[in-house]
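> Residue numbers (the numbering used here), protein chains in the order written: chain V, 1 to 467; chain S, 1 to 211.
Honestly, the hints are just simulated from the structure, not real lab data.
A few of these clues could be false.
[Said to hold, decoys possible] Okay, derived cross-link-like pairs now, DSSO-like style, lysine-lysine, Cα gap no bigger than 30 Å in a straight line:
id, chain 1, residue 1, chain 2, residue 2
1, V, Lys9, V, Lys245
2, V, Lys252, V, Lys390
3, V, Lys390, V, Lys245
4, V, Lys245, S, Lys194
5, V, Lys264, V, Lys252
6, S, Lys194, V, Lys264
7, V, Lys245, V, Lys385
8, V, Lys165, S, Lys19
9, V, Lys9, S, Lys194
10, S, Lys19, V, Lys252
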Amino acid sequence: MSGRTLFEKIWDSHRIRSMGEGRDLIFVDRHILQETTSATAFRGLAEAARPVPFPALTCATQDHIVSTELNRDADSNPTGRELIGLMARNAAAHGIRLFGLGDTRQGIVHVIGPELGLVLPGTIVACGDSHTSTAGGLGALGIGVGTSEVEHVLATQTLVLPRPKTLRINFEGQAGPGITAKDLILHALGTFGIAVGTGHAIEYTGPAIRALSVEGRLTVCNMSIELGGRLGLIAPDEATFAYIKDRAFAPKGAMWDRAVDSWKQLHTDADAQFDRELSFDVSQAAPQITWGTTQQDVIGVDQPLPDPHTMADRDLRERTESMLSYMGLTPGRPIAGTPIDMVFIGSCTNARLSDLEAAASIVRGRHVARHVRALVVPGSTSVKKAAEDKGLDRIFIDAGFEWRSAGCSMCVSINEDIVPPNARCVATSNRNFENRQGPRARTHLSSPAMAAAAAVAGMITDVRRLA
Amino acid sequence: MKGQPFENFSGIAAPLPRKNINTDAIIPAPYLRTTDTNLATGLFALWRYDDNGKANPDFILNQSGFEHSTILLAGENFGCGSSREAAAWALVRFGIKAVFAPSFADIFYENAFRNGLLAGILAPQALATLVTSINSDVACAELIVDLSGMTLTDRIGQSVSFSVPDFRREALLRGDDDIATTLNHSDDIHAFTKADRVQRPWIYETGLEHQ
Ligand code: SF4
Numbered sequence: 001m002s003g004r005t006l007f008e009k010i011w012d013s014h015r016i017r018s019m020g021e022g023r024d025l026i027f028v029d030r031h032i033l034q035e036t037t038s039a040t041a042f043r044g045l046a047e048a049a050r051p052v053p054f055p056a057l058t059c060a061t062q063d064h065i066v067s068t069e070l071n072r073d074a075d076s077n078p079t080g081r082e083l084i085g086l087m088a089r090n091a092a093a094h095g096i097r098l099f100g101l102g103d104t105r106q107g108i109v110h111v112i113g114p115e116l117g118l119v120l121p122g123t124i125v126a127c128g129d130s131h132t133s134t135a136g137g138l139g140a141l142g143i144g145v146g147t148s149e150v151e152h153v154l155a156t157q158t159l160v161l162p163r164p165k166t167l168r169i170n171f172e173g174q175a176g177p178g179i180t181a182k183d184l185i186l187h188a189l190g191t192f193g194i195a196v197g198t199g200h201a202i203e204y205t206g207p208a209i210r211a212l213s214v215e216g217r218l219t220v221c222n223m224s225i226e227l228g229g230r231l232g233l234i235a236p237d238e239a240t241f242a243y244i245k246d247r248a249f250a251p252k253g254a255m256w257d258r259a260v261d262s263w264k265q266l267h268t269d270a271d272a273q274f275d276r277e278l279s280f281d282v283s284q285a286a287p288q289i290t291w292g293t294t295q296q297d298v299i300g301v302d303q304p305l306p307d308p309h310t311m312a313d314r315d316l317r318e319r320t321e322s323m324l325s326y327m328g329l330t331p332g333r334p335i336a337g338t339p340i341d342m343v344f345i346g347s348c349t350n351a352r353l354s355d356l357e358a359a360a361s362i363v364r365g366r367h368v369a370r371h372v373r374a375l376v377v378p379g380s381t382s383v384k385k386a387a388e389d390k391g392l393d394r395i396f397i398d399a400g401f402e403w404r405s406a407g408c409s410m411c412v413s414i415n416e417d418i419v420p421p422n423a424r425c426v427a428t429s430n431r432n433f434e435n436r437q438g439p440r441a442r443t444h445l446s447s448p449a450m451a452a453a454a455a456v457a458g459m460i461t462d463v464r465r466l467a
Numbered sequence: 001m002k003g004q005p006f007e008n009f010s011g012i013a014a015p016l017p018r019k020n021i022n023t024d025a026i027i028p029a030p031y032l033r034t035t036d037t038n039l040a041t042g043l044f045a046l047w048r049y050d051d052n053g054k055a056n057p058d059f060i061l062n063q064s065g066f067e068h069s070t071i072l073l074a075g076e077n078f079g080c081g082s083s084r085e086a087a088a089w090a091l092v093r094f095g096i097k098a099v100f101a102p103s104f105a106d107i108f109y110e111n112a113f114r115n116g117l118l119a120g121i122l123a124p125q126a127l128a129t130l131v132t133s134i135n136s137d138v139a140c141a142e143l144i145v146d147l148s149g150m151t152l153t154d155r156i157g158q159s160v161s162f163s164v165p166d167f168r169r170e171a172l173l174r175g176d177d178d179i180a181t182t183l184n185h186s187d188d189i190h191a192f193t194k195a196d197r198v199q200r201p202w203i204y205e206t207g208l209e210h211q
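For reference, chain S alone in the conformation it holds in the complex (with noise of 0.2 Å):
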């Protein structure tokens, strides 16, 4: 997932407008006890599916037209709760290239642009037009997302702008590695070491190397 620059796209926008989501309802804890789960499967399964595994007909992606959703609109403190990056991951593999709300909590901020998923900033009035229209009209689902611009359009051409920091939005346009641009500062990694181990001696040698 990583590596690959973000394209503007057009896209199904499922509404999902309720407050405070957390990574417990975007991925229960039982499809985290392998690596490779079916995370696609368990996005949001205790909404998505009744007691029998049975598609629940009420939740937004079991409805017709909803079901290959890319984009998600969602109420505010969208992802709080853990850490847990597979609340990312489940709704990349789902198919989700971005989420949109009008705030995000910190991590799950960190681990959707580090995952190439656009979380962006919407007003509350921006995602209230969008929810409506979408719910009066299913044809408004339709939208299109313009990272560089910063805007969502649907077919009628209304059109809504989104914020997202200018550091995330080139990264994601870049596909850039995380990684590998921070080893690019190793001299300065090393630099910084060689003085704080003469500073703070404790840190380094902690007698965790003797096994």
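Bound conformation, chain V alone (with noise of 0.2 Å):
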């Protein structure tokens, strides 16, 4: 027999029975619900009169329309009171743990499973948000799933799904200075484009990947998504173990070795085949930047903005024509010295601790645009209470920044943060559509530290050349 890939030693695992067509039954073990997914899928369960089995495979939070002003409460954001409070409610008739508003364990969902140790190798995790890829970071299968399967999964602690094919993508060569886990995946994404994942599981490798910290493995499996990928995944080692080690809800004491051992074999097997690989080389690349509408519109900070003239497609010189002009930009120039309106730095992609750290090195001791607006809101109320512990909210309140509650905030635009129309943001987040941060908002997605840049800037910049 020959060897199995990661994915295929995690999915076998799960798999309860075979459903026919390529399809499998497989199990969850952890299942994150937010508020803005959840409220039908419980409505459906309570029209059934069906319960929810594994109570204690599940956790709730509220993260998406949340305010993220300072000190806030249920009442900040009278448009999500609604959502908030079905939340909360639905998670009590069913016994599930709730880290809602005011929890310090509160925060968006793809940051908290990680951080509370309920993410853990070698799981199947599951919940109604598409960037739950984000676990692969540590080894985990995470399944971003729609509110149906969000009722399937509370109802049945399963989903049905196709098993998907294998893709490796092969990070080689060592990034250079400055390049972070962000730039990686964007590049990754201008290389191979926002389908090349569609109907396969990523496996990241190669010694760019392995050079990651955990947290830079978190956002490159967080966007692929962005690749079509509906899971991507990084196999664990010994610093996955360390960072999980102690967590809140990670085992403990002889079933904590007993858990390591097993996950130690969770990896590609030598003899292992994939459906498809990709390698590219990324030890030229410089700092990322989205300049279009879609993640693969994405060149280095030092490239020019595409121009549609030298393009032979048709297809293609219309699609470039018709971006460039949603985001005001003119073909052929320099992105660098665009000037910009706002930044965000935060979202389950980059508002982790280290992203915080990273964004602080660059301002500290300088200050934002005067016509910038710029907010940090880190990814959940534990991030939030390290970074103070830390100074790093000083950093920012004294270079200008807005310093805020943990939530999805200007990633999604559902709640109060938006951004104004035609303005033009440089975000961390990890969505560029046409009006996903308000009606006919520009967004420029980029690593934290090129956003700290653009910030100080008043424009977009190369970071490198603030370092």
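Work from the hints to combine the two standalone chains into their complex.
Here is the structure:
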């Protein structure tokens, strides 16, 4: 028998039975709920009078619609009150632990899962948000699901899913100075496009991946969905185990030792076959920034904007023209030097402690440009607390940033945090779609350090010049 | 919406052959703030309305003959972006019963079928043929959707095939409730967890149960 990939090992160990047509019934180890995609699922459960059989494998938070004001409560954001209240009532009714507003463990679903030791190597994690793939950074299969599937997991603790194909993306070379996990994944998007991973579970390998911190691996896996993949993962190693040890809900004592022994098997065997393999070299990559309205429209900050006149393919030319026009950019001009209006440092992609530290190291002793509004929104209440313990909040506030409470904020702009029409925002989140951060908002995705550099320069700029 | 068997129908097909139509475009975030927001109103809101909330005459669903479309013809990678199932709900509430595109994003594809919305794969050439004929003659927009035969036929009898995996076609035609189907396998789930508790006790003893 030939070897198996990491994905196959995890999937097979969760497979309860085949459901035909290439679909499997798989067990879900951890289910994390948030307020915007669960309400309708609970209503469906109630209508069918179905119980939740595994409440101890389930937890909930409030992150998407909550206000991020510093001294917030459920009334800070009247438009969110209904969903916030429903999450609390539904969790209580089913004995599900809620880390909601006011709880020290509240935060963005994909930040608190790893942070609380709920996401463990080799687990299958489901959540009603597409960036559940973040869990792959710890060697877990994180599966983003829709609301009907949230209801399915609540009622059965399982999912029925087509078994994805496997894709390995190998990151060759060594990232240059100032090149972060976010730059690497944006560079992969620019190289392979937003559909390369459709129908696939992606495993990230190679020296540039192994060199990443655990938090950097979470950032890479977070954006698997931007590559079209529902799943992305990185094999766990000693750094992963050290990251998880002693976290609130991680196994303890003898159970910890048993768990680590089993996690050591979680790697792709040398003779395993992938359905598809891709490789690219990251050693020449500059800090990355998106210029268009899909995540593959990304360039190095030292490069010029694309020029539709040079494009032979009509479809590509027209799409490029329309994106440049939406973004208010001049073809062919260098992207560096483009004036900006807003900066958003936050989201499940880049709002962990190391992200805030990276941004703070650029900001320290500098000031946000006069015409720029800049926000720092920690990924969780405990990230916020840890940052405050290190004095990062003072660095940001002294530099003219707004220091806010944890939540999704301007990543999804479903609360009151929005980018005004035609304003240009450098954001550390994961989506630059038209109107994502608000009607006619113009979004450029980058790393936290690049976003911090843009805030102080008042324009898109190469962070390596400030470092 | 669940549990309604899908029936063949004839309806107006709106051509929207852009690529990568994402879930944020299908249903913008402001329409997700409550559970009972009128999702039909929010469908493609930022394309459908101008800044003053008036209908944008250039958008296909505002054009004469297309206001009551029940079929959407879209470009590749339809439904990319997020997991928001409200994208499927908004289409269904608007009255769309079937979307045809050369490819769909994974999560949207699941969400569509779970809400009784047919997501049929159409070869790029077939999509181009339909769009061209609708653009040259609006009467060609009326199509018969035959799910059992997997064909789309227009008034002059011109027909193209689409594809849907067998199990999805049958589940749609029967109007299956997915949760009930899974619960039929409760014994298997129980047997799995019984053995798994021995293998991986740390999965089950989370500490979450202690409030
Ligand atoms: S930060 Fe953005 S991508 Fe992450 S969970 Fe929140 S809305 Fe989803």
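> Hint by hint, note whether the structure agrees.
For each hint, the structure was consulted:
1. As the CA atoms of Lys9(V) and Lys245(V) are separated by approximately 23 Å, the hinted pair is consistent with the 30 Å bound.
2. A distance of roughly 28 Å separates the Cα atoms of Lys252(V) and Lys390(V); the hinted pair therefore holds under the 30 Å criterion.
3. Simply put, Lys390(V) and Lys245(V) have alpha-carbon atoms about 22 Å apart, close enough for the 30 Å limit, and the pair holds.
4. Proposed proximity of Lys245(V) and Lys194(S) is supported: the alpha carbons are some 26 Å apart, at most 30 Å.
5. Restraint check for Lys264(V) and Lys252(V): satisfied, since their Cα atoms lie roughly 17 Å apart, inside the 30 Å limit.
6. About 23 Å separates the Cα atoms of Lys194(S) and Lys264(V), which keeps this hinted pair within 30 Å; it holds.
7. Between Lys245(V) and Lys385(V) the alpha-carbon distance is near 20 Å, which keeps this suggested pair within the 30 Å criterion.
8. For the hint pairing Lys165(V) with Lys19(S), the CA-to-CA distance comes to about 23 Å; that is within 30 Å, so the pair holds.
9. At most 30 Å may separate the alpha-carbon atoms for a hinted pair to count; Lys9(V) and Lys194(S) meet this at roughly 20 Å.
10. The straight-line distance between the Cα atoms of Lys19(S) and Lys252(V) is roughly 49 Å, outside the 30 Å bound, and the hint therefore fails.
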